[in-house]
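Protein chains in written order, with the UniProt record's numbering: chain U, 1 to 397; chain S, 1 to 397.
It should be emphasised that the hints constitute simulated quantities derived from the structure, not laboratory data.
Some hints could be false.
Listed next, the in silico SDA-like pairs over lysine to any residue satisfying Cα-Cα at most 25 angstroms (straight line) [stated by the list, open to error]:
#1 U:Lys105 - S:Ser173
#2 U:Lys165 - S:Ser229
#3 S:Lys158 - U:Ser120
Taking beta-carbon pairs under 10 angstroms as the criterion, some of the chain S residues facing chain U (in silico) [as the list claims (entries may be wrong)]:
#4 Tyr118
#5 Ser120
#6 Ala167
#7 Phe171
#8 Thr172
#9 Cys184
#10 Cys188
#11 Ser189
#12 Glu191
#13 His192
#14 Ala215
#15 Arg230
#16 Ser231
#17 Ser348
#18 His352
Think of the CB as a built atom: it goes at the ideal place given N, C-alpha and C, for glycine as much as any other residue.
Number of protein chains: 2
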Amino acid sequence: VLGFLSVTLFFLLSFGREAEVSASQEAYEDVQWTSDSNSHPPWLRFHLNISRWQLYLHRDPNMEPLTQQLATHRIVSAVQKSGGTQLKLVMSFPNYGQAMLKPMKQERDEETNYNLYYFSDFERHNAEIAAFHLDRILGYRRVPPVAGRLVDVVKEIKDITTDRKLARTFFTSPVGNVCFYGQCSYYCSTEHAVCGRPRHLEASLAVMLPDLSLASRRTWRSPWRRSYSRSKLAKWETEPDYCSTVKKTPPYDKGTRLVDFMDMVILDFLMGNMDRHHYETFEKFGNNTFLLHLDNGRAFGRHSKDEPSILAPLEQCCRIRRSTWLRLRLLSLPQYRLSDVMRASLFSDPLHRVAPLLSEPHLASDCCSRNYQQSVQVSLLINLKERLCNLISIWQS
Amino acid sequence: VLGFLSVTLFFLLSFGREAEVSASQEAYEDVQWTSDSNSHPPWLRFHLNISRWQLYLHRDPNMEPLTQQLATHRIVSAVQKSGGTQLKLVMSFPNYGQAMLKPMKQERDEETNYNLYYFSDFERHNAEIAAFHLDRILGYRRVPPVAGRLVDVVKEIKDITTDRKLARTFFTSPVGNVCFYGQCSYYCSTEHAVCGRPRHLEASLAVMLPDLSLASRRTWRSPWRRSYSRSKLAKWETEPDYCSTVKKTPPYDKGTRLVDFMDMVILDFLMGNMDRHHYETFEKFGNNTFLLHLDNGRAFGRHSKDEPSILAPLEQCCRIRRSTWLRLRLLSLPQYRLSDVMRASLFSDPLHRVAPLLSEPHLASDCCSRNYQQSVQVSLLINLKERLCNLISIWQS
Chain U
1 VLGFLSVTLF FLLSFGREAE VSASQEAYED VQWTSDSNSH PPWLRFHLNI SRWQLYLHRD
61 PNMEPLTQQL ATHRIVSAVQ KSGGTQLKLV MSFPNYGQAM LKPMKQERDE ETNYNLYYFS
121 DFERHNAEIA AFHLDRILGY RRVPPVAGRL VDVVKEIKDI TTDRKLARTF FTSPVGNVCF
181 YGQCSYYCST EHAVCGRPRH LEASLAVMLP DLSLASRRTW RSPWRRSYSR SKLAKWETEP
241 DYCSTVKKTP PYDKGTRLVD FMDMVILDFL MGNMDRHHYE TFEKFGNNTF LLHLDNGRAF
301 GRHSKDEPSI LAPLEQCCRI RRSTWLRLRL LSLPQYRLSD VMRASLFSDP LHRVAPLLSE
361 PHLASDCCSR NYQQSVQVSL LINLKERLCN LISIWQS
Chain S
1 VLGFLSVTLF FLLSFGREAE VSASQEAYED VQWTSDSNSH PPWLRFHLNI SRWQLYLHRD
61 PNMEPLTQQL ATHRIVSAVQ KSGGTQLKLV MSFPNYGQAM LKPMKQERDE ETNYNLYYFS
121 DFERHNAEIA AFHLDRILGY RRVPPVAGRL VDVVKEIKDI TTDRKLARTF FTSPVGNVCF
181 YGQCSYYCST EHAVCGRPRH LEASLAVMLP DLSLASRRTW RSPWRRSYSR SKLAKWETEP
241 DYCSTVKKTP PYDKGTRLVD FMDMVILDFL MGNMDRHHYE TFEKFGNNTF LLHLDNGRAF
301 GRHSKDEPSI LAPLEQCCRI RRSTWLRLRL LSLPQYRLSD VMRASLFSDP LHRVAPLLSE
361 PHLASDCCSR NYQQSVQVSL LINLKERLCN LISIWQS
């Protein structure tokens with residue numbers, strides 16, 4: 001377990017997060033936590049149980065109360081998360097738990113404009129939720145828990161925020177909906193305002209990881225990062241032997257990092273995420289630890305087209321972790337079809353009552369018949385690709 | 001007729017427009033114009049025939065060649081029109097004619113986001129085209145002729161432009177379409193790029209009016225201008241007796257200005273244009289002249305909802321020009337249903353071959369059954385409103 005901090009230390013340090021805690025102290029509960037984990041709120045239990053191998057346990061009894069609180073707990077503070085390119089809010093709960101809110105910006109059945117580059121795409125609240133479920137189904141448990149929630153933008157954001165820059169951007173739309181747009185570098189303008197109906201807004205709430213002052217993280221640039229340019233290609237797109245260089249480069253030359261990376265690639269392929277430019281690990285665990293699968297808002301943008309290039313690392317390195325491979329095989333069996341398992345899993349999210357979190361075309365799109373035949377090039381991979389394809393077609397058909 | 005300039009003077013002065021003429025001189029034809037109007041290109045004939053009463057004649061034989069040239073003539077220059085809020089290009093033809101190009105930005109059947117204020121709406125190329133037809137059908141002839149055209153963004157813009165700022169914004173989209181976004185204050189960014197398929201782009205081309213140095217224009221602020229604020233109301237929205245003030249204010253106190261204004265209001269209502277903050281007249285004709293109906297790109301944004309507030313001037317002043325009234329009555333007869341006349345008229349536009357210029361919901365939306373009953377307040381107007389409503393329902397059902 002993360003366990004490099006005692007509860008007391010943790011508690012004391014938690015109050016160092018004042019920058020993003022803005023409500024008056026009365027809004028918060030009195031804290032009566034002891035070393036007994038039964039006295040801890042779910043978010044603290046979650047933090048203390050993060051291990052070198054995963055964020056939470058298989059069948060973790062803490063998951064249900066944790067996501068329940070994300071979805072229902074009273075919100076005592078809402079401020080903008082600084083530094084992001086798109087609008088995000090940090091929400092605080094009376095028990096000092098915090099969550100990152102991403103608002104709904106696009107209708108669920110809208111597809112990302114095919115002329116947009118991946119780096120200009122909207123972030124989607126339902127992608128954050130669905131990514132958490134998919135990551136868990138794949139057996140990774142590397143996405144921090146996320147729950148959907150219908151937020152009252154007046155009561156739960158506008159009325160309680162102490163963030164003046166945010167408050168200033170609220171307005172009532174011509175049809176009487178309450179809208180806001182915040183301040184950020186992309187899409188924070190009146191044309192891209194986020195609007196309640198009339199004040200209820202769908203959002204994803206992701207539990208915050210331990211503060212960086214308590215559990216520092218290391219950021220790694222993905223070796224298969226895209227160029228983030230409309231005209232340049234990345235090295236991996238032009239060098240046929242790119243993987244052999246990566247395999248010799250630390251930390252990919254030792255331990256499990258390369259197969260950890262492939263795990264992430266499979267997740268990204270299945271959800272169509274092209275935006276994995278970096279990933280993070282907990283500093284304390286060194287190189288021998290899992291990769292955090294953070295920031296999945298640009299996944300699930302298109303159901304009518306897959307992006308085979310996301311699988312390039314797998315294709316080029318021809319490596320996959322055995323347990324992942326077995327999991328994919330399991331999910332290819334008729335009784336565990338990935339699309340069915342996903343549908344069932346998403347059913348448990350509170351927002352499911354409002355509308356299905358992934359539209360059926362997303363669950364039902366058949367990637368195999370489209371792109372696979374063409375992109376199978378390396379003979380060794382054909383088998384794997386065809387099987388993966390099989391699995392994928394099962395998840396998506 | 002406009003006739004305050006001789007052809008020679010006109011021709012000489014035309015070359016003063018160098019700022020927006022950028023192609024090399026060889027691209028242009030040798031000019032052999034005389035005082036005989038048969039020697040003039042259609043655009044010059046159009047300019048010279050502008051009168052105090054209208055832009056062109058009823059059954060004007062020059063209209064067909066003029067719109068034909070807009071739609072098919074070789075483009076020798078394309079530069080950005082400076083000063084606008086949204087992307088517009090000035091296109092030049094070998095015979096020194098010029099046109100204002102507005103590109104297609106929205107799919108035809110998309111409706112403007114109902115949370116957007118009118119002043120944040122996109123401009124629509126098909127609205128410019130449809131407005132020209134509707135204005136002509138209403139018998140006004142106050143919109144400069146517009147034709148649709150499928151433009152090759154590579155050959156007809158990128159390859160020939162001398163506008164470096166424009167050229168710099170071209171790129172190829174992920175699916176291989178050629179896109180550009182230009183420089184302007186709204187929607188000129190990579191997320192809002194205008195894209196060919198793969199290089200053919202629908203656009204509207206409106207013939208340019210005589211240069212301001214030849215025929216200066218006066219700009220009038222609309223007395224029923226909206227507030228252009230998300231929170232403030234305009235005077236006309238709160239003062240019940242607003243019209244009586246306007247009626248006493250020059251130029252609305254004399255001549256035909258008030259009924260000219262009502263003509264514009266009826267046009268704007270029928271096409272759902274809330275963005276008529278100003279209008280223009282030709283200076284030379286003083287106050288006793290028609291109003292130019294320029295800039296109609298924000299019309300036809302919604303077919304599922306009418307905006308009765310556009311009719312406020314009519315409601316408040318209870319005035320309408322007799323010929324307009326008779327025209328509306330004519331267009332209410334089964335054999336001249338406005339929707340049918342519009343459909344037939346739009347059929348003649350070259351872009352009609354690509355796709356209908358107004359989607360059927362636009363032609364078929366039934367405004368009457370929706371908003372009219374509620375907004376009928378002034379008893380004197382009930383009759384008029386009901387009849388107008390009748391007409392409108394005919395045009396829209």
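Hints versus structure:
Our distance criterion of 25 angstroms between C-alpha atoms is met by Lys105 (chain U) and Ser173 (chain S), whose separation comes to about 23 angstroms. A hinted pair counts as satisfied when its Cα atoms are at most 25 angstroms apart, and Lys165 (chain U) with Ser229 (chain S) qualifies at roughly 19 angstroms. The suggested pairing of Lys158 (chain S) with Ser120 (chain U) holds, with an alpha-carbon distance near 23 angstroms, which does not exceed 25 angstroms. The restraint placing Tyr118 (chain S) at the interface with chain U holds, with a minimum CB-CB distance near 8 angstroms, inside the 10 angstroms limit.
The closest approach between the C-beta of Ser120 (chain S) and any C-beta of chain U is roughly 5 angstroms, which is under the 10 angstroms cut-off, so the hint is satisfied. The interface hint given for Ala167 (chain S) is violated, since its Cβ lies 14 angstroms from the closest Cβ of chain U, which is over the 10 angstroms cut-off. Among the interface hints, the one on Phe171 (chain S) holds; its C-beta lies about 4 angstroms from the nearest C-beta in chain U, closer than the 10 angstroms criterion. For Thr172 (chain S), the interface hint holds, since its Cβ comes within 10 angstroms of a Cβ in chain U; the closest pair sits about 7 angstroms apart.
Look at Cys184 (chain S): its Cβ only gets to about 13 angstroms from chain U, farther than 10 angstroms, so that hint breaks. Violation of the interface hint for Cys188 (chain S) is found here, the shortest Cβ-Cβ separation to chain U being roughly 12 angstroms, above the 10 angstroms cut-off. Because the beta carbon of Ser189 (chain S) sits about 9 angstroms from the nearest beta carbon in chain U, less than 10 angstroms, this interface hint is met. About 5 angstroms separates the beta-carbon of Glu191 (chain S) from the nearest beta-carbon of chain U, less than 10 angstroms, and the hint is met.
Taken as an interface hint, His192 (chain S) checks out: its beta carbon lies about 9 angstroms from the nearest beta carbon of chain U, inside 10 angstroms. Violation of the interface hint for Ala215 (chain S) is found here, the shortest Cβ-Cβ separation to chain U being roughly 35 angstroms, above the 10 angstroms cut-off. Of the supplied interface hints, the one on Arg230 (chain S) holds, with its beta-carbon coming within about 4 angstroms of a beta-carbon of chain U, less than 10 angstroms. For Ser231 (chain S), the suggested interface contact is upheld, since its CB lies about 7 angstroms from the closest CB of chain U, less than 10 angstroms.
Hint status for Ser348 (chain S) relative to chain U: violated, with the closest Cβ pair at about 31 angstroms, above 10 angstroms. Because the beta carbon of His352 (chain S) sits about 25 angstroms from the nearest beta carbon in chain U, more than 10 angstroms, this interface hint is broken.
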